[in-house]
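Using the sequences and the accompanying hints, generate a full structural model.
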Amino acid sequence: MTTSTLTKPAAADTGNTGPHAARIHHVSKSFGRPGAQQHVLDDISIDVAPGEFVCLLGASGCGKSTLLGLVAGLDKPSAGSIETPGGRPALMFQEHALFPWLTAGRNIELALRLRGVPRAERRTEAERLLELVRLKGAYGKRVHELSGGMRQRVAMARALAQDSQLLLMDEPFAALDAITRDVLHDELTRIWQTQNNSGSAAGNLSVLFVTHNVREAVRLAERVVLLSSRPGRVAREWQVDIPQPRRIEDSAVADLSIEITEQLRGEIRRHGQH
Amino acid sequence: MASTETTPQSAAEAPGEDPTGPAADADTDSATAGATDAPAGSAADAPATAPAEAAAGASATGASGTGPGPAAGDLAGLEAGLDALDSAVVSRQPWLRTAVSKAFPPLVAVVIVLGLWQLAYHFQLKPHYLLPSPLDVYRSLRQKWLEGTLLSFVWTSVSRGALGFVASVAIGTVLGLIVAQVKAVRAAIGPILSGLQSLPSVAWVPAAIIWFGLSDATIYAVVLLGAVPSIANGLVSGVDQISPLYLRAGRTIGATGLTGVRHVLLPAALPGYLAGLKQGWAFSWRSLMAAELIVNAPDLGTGLGQLLEQGRELQDMSWVLAAILLILTVGIGIELLIFAPIERRVLRSRGLLVKS
Ligand SMILES: Nc1ncnc2c1ncn2[C@@H]1O[C@H](COP(=O)(O)OP(=O)(O)O)[C@@H](O)[C@H]1O
Ligand SMILES: [Mg+2]
Numbered sequence: 001m002t003t004s005t006l007t008k009p010a011a012a013d014t015g016n017t018g019p020h021a022a023r024i025h026h027v028s029k030s031f032g033r034p035g036a037q038q039h040v041l042d043d044i045s046i047d048v049a050p051g052e053f054v055c056l057l058g059a060s061g062c063g064k065s066t067l068l069g070l071v072a073g074l075d076k077p078s079a080g081s082i083e084t085p086g087g088r089p090a091l092m093f094q095e096h097a098l099f100p101w102l103t104a105g106r107n108i109e110l111a112l113r114l115r116g117v118p119r120a121e122r123r124t125e126a127e128r129l130l131e132l133v134r135l136k137g138a139y140g141k142r143v144h145e146l147s148g149g150m151r152q153r154v155a156m157a158r159a160l161a162q163d164s165q166l167l168l169m170d171e172p173f174a175a176l177d178a179i180t181r182d183v184l185h186d187e188l189t190r191i192w193q194t195q196n197n198s199g200s201a202a203g204n205l206s207v208l209f210v211t212h213n214v215r216e217a218v219r220l221a222e223r224v225v226l227l228s229s230r231p232g233r234v235a236r237e238w239q240v241d242i243p244q245p246r247r248i249e250d251s252a253v254a255d256l257s258i259e260i261t262e263q264l265r266g267e268i269r270r271h272g273q274h
Numbered sequence: 001m002a003s004t005e006t007t008p009q010s011a012a013e014a015p016g017e018d019p020t021g022p023a024a025d026a027d028t029d030s031a032t033a034g035a036t037d038a039p040a041g042s043a044a045d046a047p048a049t050a051p052a053e054a055a056a057g058a059s060a061t062g063a064s065g066t067g068p069g070p071a072a073g074d075l076a077g078l079e080a081g082l083d084a085l086d087s088a089v090v091s092r093q094p095w096l097r098t099a100v101s102k103a104f105p106p107l108v109a110v111v112i113v114l115g116l117w118q119l120a121y122h123f124q125l126k127p128h129y130l131l132p133s134p135l136d137v138y139r140s141l142r143q144k145w146l147e148g149t150l151l152s153f154v155w156t157s158v159s160r161g162a163l164g165f166v167a168s169v170a171i172g173t174v175l176g177l178i179v180a181q182v183k184a185v186r187a188a189i190g191p192i193l194s195g196l197q198s199l200p201s202v203a204w205v206p207a208a209i210i211w212f213g214l215s216d217a218t219i220y221a222v223v224l225l226g227a228v229p230s231i232a233n234g235l236v237s238g239v240d241q242i243s244p245l246y247l248r249a250g251r252t253i254g255a256t257g258l259t260g261v262r263h264v265l266l267p268a269a270l271p272g273y274l275a276g277l278k279q280g281w282a283f284s285w286r287s288l289m290a291a292e293l294i295v296n297a298p299d300l301g302t303g304l305g306q307l308l309e310q311g312r313e314l315q316d317m318s319w320v321l322a323a324i325l326l327i328l329t330v331g332i333g334i335e336l337l338i339f340a341p342i343e344r345r346v347l348r349s350r351g352l353l354v355k356s
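Those protein sequences? They're chains A and B, same order as listed.
When we follow the UniProt record's numbering, the leftmost residue of the first sequence carries the number 1, and every step to the right adds one.
When we follow the UniProt record's numbering, the leftmost residue of the second sequence carries the number 1, and every step to the right adds one.
It should be emphasised that the hints constitute simulated quantities derived from the structure, not laboratory data.
Treat the hints with caution; some may be incorrect.
Unchecked claim - Keeping only pairs whose Cα atoms sit at most 30 Å apart, straight-line, the calculated DSS-like set for lysine-lysine is: (1) K102/B - K141/A; (2) K183/B - K76/A; (3) K126/B - K144/B; (4) K278/B - K141/A.
Structural data, given as structure tokens:
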């Protein structure tokens, strides 16, 4: 039984002109002065289709956060181009990054306000988003009164408040305990499917999810993109055809994880050999 | 934005309709997932699993009205259980008891100091005209009170201090923002600004007198020169202490430029800014007293500093000590009654106040 198909890394730049939520086109990024440069990303091309869930997998320090920052527009690539036709993407971090001077509800309302939602509608919309992440009573709660899992769900609600078609997530669950993380995987899958089943094409939600956890990637993604390190390149891609809802302990998830882990270890090992 | 009008209905029903929700055995599975996913921590995780399931089960039945489908209800219940187990319990002591327990130790200290003072007086460590007793000081306060002039002395100084402080806040805030945000300005005057904090503001008095003569302008100039640097510096260090994460998060939700300053930068810098304001008040008050001591003219109105100077001219030690006590009391009182509660409130609302 084949649960995955292998795609060559070159697949992304074979002139695919279909609609996309994000097009990362031959992107390179270096830091430092000319002469003493550190090449972090090298010629990366990834297309994310509308409604697609892509996991970006790679060892620590391979440039995942850098790439996500480029897609979010927080920094400019040294070469190549990035298109996000759906407007400014929403971004979620490993740390919740909620503003501690606002309540959970107000955090969401600030995002709504900056998006231009009229004052009269903000409260209702914030309550709706909190309900979507199942935190109905948390509107008036201060950030420090919430548990780690609840904070990340509020952060997710705030990201969704941007009503963006592309959600960028930078290891959002890495700091959570395993039980909570597992529950949030279920939540994220549910929310992603809910947004994409809501009918109109404009309501599509694509996710570009960064992780160094292979199982998490296979649990969540429709497509897993493995990055090599120093410089970061697309090493390989896997299409994950295991039907949702998946569980992280499913044998199909485990099988593909083993395969990907082998590849990832190979990439890491190369750096020890010089 | 188009989805805004249509979504509330569908989203509210979504958990029930969602055909792909997790299986009914969600909570038992997640427990095993926790164990397999983190082998190292599995032993430690294990004890927490049982109560998590119990709580999840309990809230699942309680919440069954809201989540129609069994699968959705299970995940919701599991989540409710996790939330309940992991949330910080916030309890607050009764207001009165906190106040009493806070006020008691300083009171004891004051009583001890008064006792030692009385002893020194009693054994004539210094002649009585050099070291009056606490009671003498009280008498001279009482005399001023009965003359009806005491409150007007206090008011003259407090109103000057308040006016000078408000002006310093206005100037210091703008200056601080510019120094914090504009690299060239910071490089140019940042070090000078923090250096100015260590310059005692009395040093400005002679210069101010030459510029403005014996006038209110001299007094306010000294207050401003004393307070503006600490307020500006407080804001600068408040801005510097902001976690870059907040700025990044602000930018991703669209808070850039002046919107970013208003919605992210200023509120994030508030704790440091408040500390600067507090110090700014202390500096205003000190500078004011220094100025009042020296700038002494009949048509200026008598503040506490002038009162102190008059006491010295008359060689009336109990008058001098009474004036010192008043100055101290006003300074501490304003800090305790105005700044401390505001600061505590801001820190507590952000979870930054460690409870003792
Ligand atoms: N602003 C920066 N200046 C210099 N080097 C940077 C900067 N940001 C990231 N790097 C470097 O880029 C590499 C990749 O970092 P990062 O994207 O955070 O990796 P990952 O998220 O995959 O762990 C690291 O070696 C890091 O030192
Ligand atoms: Mg990272």
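Hints and how they fare:
1. K102/B - K141/A: Distance ~28 Å between K102/B and K141/A Cα, so the pair holds.
2. K183/B - K76/A: Within the cut-off at roughly 21 Å; holds.
3. K126/B - K144/B: The given pair, whose Cα atoms are some 25 Å apart, holds under the 30 Å limit.
4. K278/B - K141/A: Within the cut-off at roughly 29 Å; holds.
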